[in-house]
Amino acid sequence: MIHDQEEIEETTIYGIKIFQYKNRWRFSHDSLMLSKFCTEVEGTHFKNEPKKFILDVGTGCGIIPVLLRNFLQTDSIYYGIEIDKEVAKLAEMNFRLNKIKAYSIAGDIRFAPFKFQFDIIVSNPPYVPVGEGKISTKYDKAKWEITFDLRSFARVSSKILKKGGRIYVVYNPSRLGEILSVFYKSGLMPSFIRFFHHSSERSCAFFLLCAQKESRRKLEVLPPMWS
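Count along the sequence shown starting at 1, add 105, and that's the number in the numbering used here.
Hints were generated in silico from the structure; no laboratory data involved. Hints are supplied without guarantee of correctness; some may be wrong.
Said to hold, decoys possible - Each computed DSSO-like pair below joins lysine-lysine, with the alpha-carbon atoms no more than 30 Å apart:
1. K156 x K323
2. K264 x K206
3. K267 x K127
4. K141 x K152
5. K194 x K290
6. K267 x K290
7. K290 x K206
8. K190 x K141
9. K206 x K220
10. K152 x K206
11. K290 x K204
12. K127 x K220
13. K152 x K264
Said to hold, decoys possible - What follows is a set of in silico ranges between Cβ atoms, one per label pair, in the way DEER data are often shown:
14. Y119 x K206: 16 to 22 Å
15. T116 x E319: 36 to 42 Å
16. N153 x S308: 32 to 38 Å
17. R260 x F221: 14 to 20 Å
18. E115 x K323: 28 to 34 Å
19. K157 x E112: 35 to 41 Å
20. R321 x K122: 40 to 46 Å
21. E191 x R260: 23 to 29 Å
22. P328 x H134: 29 to 35 Å
23. K152 x L281: 23 to 29 Å
24. E115 x R322: 36 to 42 Å
25. K152 x P328: 27 to 33 Å
26. P329 x R280: 15 to 21 Å
Beta carbons: idealized from backbone N, C-alpha and C, even for Gly.
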């Protein structure tokens, strides 16, 4: 049941209606760019690769599965896992509203009993390590690595991703070296990276990365994105 004491508002983006909690962590530009990046890389470099099972880790209101369904135009089955039970219910509502073949799972990805592996994993994960900044509210687990750090994320993702499967993430550029190293050690080979800038005169705001499980593909730096 959706929490009836919190205000929910409707947002329309690319003609898609999405409901989200007004006073909790909301989807951002990062999620939109990640969805576009995934769509472009899949359509250009992995056009003939399977896309049957797609998982969004930390799905929030479900914005990424909904966008990918519309962008990819494939007969994929989506799964969105979210540790906040109330937000997971909201994602389920958004999946039904947009008639997407998707399942919202309330729980911790580390303990999810998946009996199959995924073709694609996508995530806009918590990006601030514990110890940096001030954790101010109970909802900040969406931003800080409180229960799920980078190494845990890479290890679990590698386990549930098919050989040759792809993982797409967005992160702060200050963590680039760490992420490339951790992914590589987990068998997730960085394949494509793109840097996002708000203008040509400003430094990188975030980067988008595609890594492929057990791949020999060399890392390719794609042209930057601008807002």
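Quick rundown of the hints versus the structure:
no., hint, verdict
1, K156 x K323, "holds, 22 Å"
2, K264 x K206, "holds, 24 Å"
3, K267 x K127, "violated, 36 Å"
4, K141 x K152, "holds, 15 Å"
5, K194 x K290, "violated, 35 Å"
6, K267 x K290, "holds, 17 Å"
7, K290 x K206, "violated, 33 Å"
8, K190 x K141, "holds, 27 Å"
9, K206 x K220, "holds, 19 Å"
10, K152 x K206, "holds, 21 Å"
11, K290 x K204, "violated, 38 Å"
12, K127 x K220, "violated, 35 Å"
13, K152 x K264, "holds, 23 Å"
14, Y119 x K206: 16 to 22 Å, "holds, 19 Å"
15, T116 x E319: 36 to 42 Å, "holds, 38 Å"
16, N153 x S308: 32 to 38 Å, "holds, 37 Å"
17, R260 x F221: 14 to 20 Å, "holds, 18 Å"
18, E115 x K323: 28 to 34 Å, "violated, 44 Å"
19, K157 x E112: 35 to 41 Å, "holds, 37 Å"
20, R321 x K122: 40 to 46 Å, "holds, 42 Å"
21, E191 x R260: 23 to 29 Å, "holds, 28 Å"
22, P328 x H134: 29 to 35 Å, "violated, 18 Å"
23, K152 x L281: 23 to 29 Å, "holds, 28 Å"
24, E115 x R322: 36 to 42 Å, "holds, 41 Å"
25, K152 x P328: 27 to 33 Å, "violated, 19 Å"
26, P329 x R280: 15 to 21 Å, "holds, 18 Å"
Of the numbered hints given earlier, the model fails hints 3, 5, 7, 11, 12, 18, 22, 25; all others are met.
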